[in-house]
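Student: Chain B: place on chain A using the hints.
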Amino acid sequence: MSMKVSTRQVDGVTILDLSGRITLGEGSVTIRDAVRDLLAKGQKKILLNLADISYIDSSGIGELVSAFTTVKNAGGELKLLNLTKKVQDLLQITKLYTVFDVKDDEASAISSFSK
Amino acid sequence: MTIRASTSTLPSLLLSAVDDGHSQISRTALADSTTSRISFTLDSTLDSVNKIEQTAEQYAQRAGFDEDTIPHIAMAVREAAVNAVLHGNAYDVNKHITASFETTSDALVIRITDQGPGLDPSTLPDPLAPENILRGSGRGIFLIRAFMDEVNFRQLHPGTELTLIKHRTPAKSGT
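Order-wise, the sequence lines are chains A and B.
Heads up, the first sequence is in numbering that gives the first Met the number 0, so the first residue is 0 and it goes up one at a time.
Heads up, the second sequence is in numbering that gives the first Met the number 0, so the first residue is 0 and it goes up one at a time.
Extracted from the complex, chain A is given alone in its bound form (with noise of 0.2 Å):
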């Protein structure tokens, strides 16, 4: 299955929604375009919702990686909500549980974002 992602604007918030596999190829590919096309857009608060996200390799985790220190490095926010088992489980053994900011309630991971 490959990965969708869609996108709508909450409270000056961008999330994306993606569904399917992050993985080496297309599913990391889509998620750096995404971000990119955010960010030149002036759009700086990013959201990603991974609720519909059903697996990770080490290349989407990567990806995940580059994308937050991209937003972060264009003076943005990027933050993660709604991690699987799994996804978390990886984000923990990679220790980078600790290096993205994970909500599970996206109402007040918005609210969470620089104002």
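Just so you know, not all the hints are guaranteed correct.
Unchecked claim - Capping the alpha-carbon separation at 16 Å, the derived lysine to aspartate or glutamate pairs in EDC-like fashion look like this:
id, chain 1, residue 1, chain 2, residue 2
1, A, 114, A, 10
2, A, 85, B, 66
3, A, 94, B, 67
4, A, 85, B, 67
5, A, 3, A, 32
6, A, 94, B, 66
7, A, 84, B, 125
8, A, 84, B, 130
9, A, 85, B, 65
Note that these hints are calculated values from the structure, not bench results.
Tutor: Coordinates of chain B only, in the frame set by chain A:
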């Protein structure tokens, strides 16, 4: 394409691999019903990575691993296959990867081989080190080691053979 051996009991995935014109498959059904072995040669493509991952999942299921362990085995094997295709063979159409799966009475043993320049695992940076934690790559071997019981590297000339071993629990042996 040369099929070195095949039987009608091949998993459906592997039958499709035979049909697509890019694979060579050999299968050995040993006298001991708990032991089987299959090996196949594939092109250096992401499609091959997906096939190897799916085969790993099938073998892990047949070996009786639990629902938490099967995805870990499949991911470790996927990471090994990605390394072979991407870092080993660099998607070179003239180079191939081989994958073998062997189920014994006490373990699942998977070997992934590429034809690349070789890999010295001692030179791999620690992805958990603070200076590496935000790197965009370099976690594949780490995850393989995290999810498998034994991981061994063997240098070929050229190429690298990676052997991944997951022990079957005593209660599951003989299934």
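Student: Now tell me if each hint is right for this structure.
Tutor: Evaluated hints:
1. A/114 with A/10: holds (10 Å)
2. A/85 with B/66: holds (12 Å)
3. A/94 with B/67: violated (20 Å)
4. A/85 with B/67: Cα-Cα ~9 Å, so holds.
5. A/3 with A/32: Since the Cα atoms of residue 3 of chain A and residue 32 of chain A sit roughly 12 Å apart, the hinted pair holds (cutoff 16 Å).
6. A/94 with B/66: violated (24 Å)
7. A/84 with B/125: violated (24 Å)
8. A/84 with B/130: Between residue 84 of chain A and residue 130 of chain B the Cα gap is close to 27 Å, so the pair fails against 16 Å, i.e. violated.
9. A/85 with B/65: holds (15 Å)
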